[in-house]
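J.: Chain by chain, the residues:
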Amino acid sequence: DGGITQSPKYLFRKEGQNVTLSCEQNLNHDAMYWYRQDPGQGLRLIYYSQIVNDFQKGDIAEGYSVSREKKESFPLTVTSAQKNPTAFYLCASSIDHGETQYFGPGTRLLVL
Amino acid sequence: QKEVEQDPGPLSVPEGAIVSLNCTYSNSAFQYFMWYRQYSRKGPELLMYTYSSGNKEDGRFTAQVDKSSKYISLFIRDSQPSDSATYLCAMKSRNTPLVFGKGTRLSVIA
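Residue numbers (the numbering used here), protein chains in the order written: chain A, 1 to 112; chain B, 1001 to 1110.
Excised from the complex, chain A in its bound form:
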């Protein structure tokens, strides 16, 4: 089955801790994206990557970091600098940057 997988489904973070959210796709898509969704806020772009070893900041990149070492994988690290990390995190991919995006099932991050 082709698709986008995100893990874990739920993630708990302690104060001062960095956590990493996984996103994998087997669609052979070049572009990948990370969004944050808060209640009533819609989707806000954190980072995106159009090709391997390249990525750009989105609208709310502060407190987050990414890497794109493989075409299939685009992990997101929520650092301790992100003071309000509780949200639903969505990963997406598209054939290239100009095409429609397909989403994974999301990871819900909660702070202990």
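What the hints contain is simulated information worked out from the structure, not anything from laboratory work.
A hint or two may mislead.
[Stated by the list, open to error] Within a straight-line C-alpha distance of at most 35 Å, the following computed DSBU-like cross-link-like pairs (lysine-lysine) qualify:
1) B:K1070 x A:K57
2) B:K1042 x A:K71
3) A:K14 x B:K1042
4) B:K1056 x B:K1002
5) A:K9 x B:K1042
Since we're looking at a predicted model, the values are computed, not measured.
Dock chain B against the given chain A, drawing on the hints supplied.
T.: The following block gives chain B in isolation, referenced to the frame of chain A:
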């Protein structure tokens, strides 16, 4: 003015009703318009994709784009309880990231 405006609802309709969901936007460079459906605690799924102005129909769903008015719509005919979800409009110009509306929460009551 926000780039994309979407009424958050909630919108509640009886089963079988025609539903109209709308977004307005300010950026005249937008060329690609999409509607996503998102069930609670799930990722959004692509429902409709339209390039430039015009109508597109897929089963009970019709997407309309009016670029002169900077206004897009999604119509759902014969609405079903399974249509209860949040509907997100999204749009972009070539080689720029998608810009999303905040989503409209729809409830279809049996």
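J.: All hints are to be evaluated individually against the structure, with a verdict given for each.
T.: Here's how the hints hold up against the structure:
1. B:K1070 x A:K57: 27 Å, holds
2. B:K1042 x A:K71: 24 Å, holds
3. A:K14 x B:K1042: 24 Å, holds
4. B:K1056 x B:K1002: Distance of about 26 Å is within 35 Å: holds.
5. A:K9 x B:K1042: With Cα atoms ~10 Å apart, K9 (chain A) and K1042 (chain B) stay inside 35 Å; holds.
The structure shown violates none of the earlier numbered hints.
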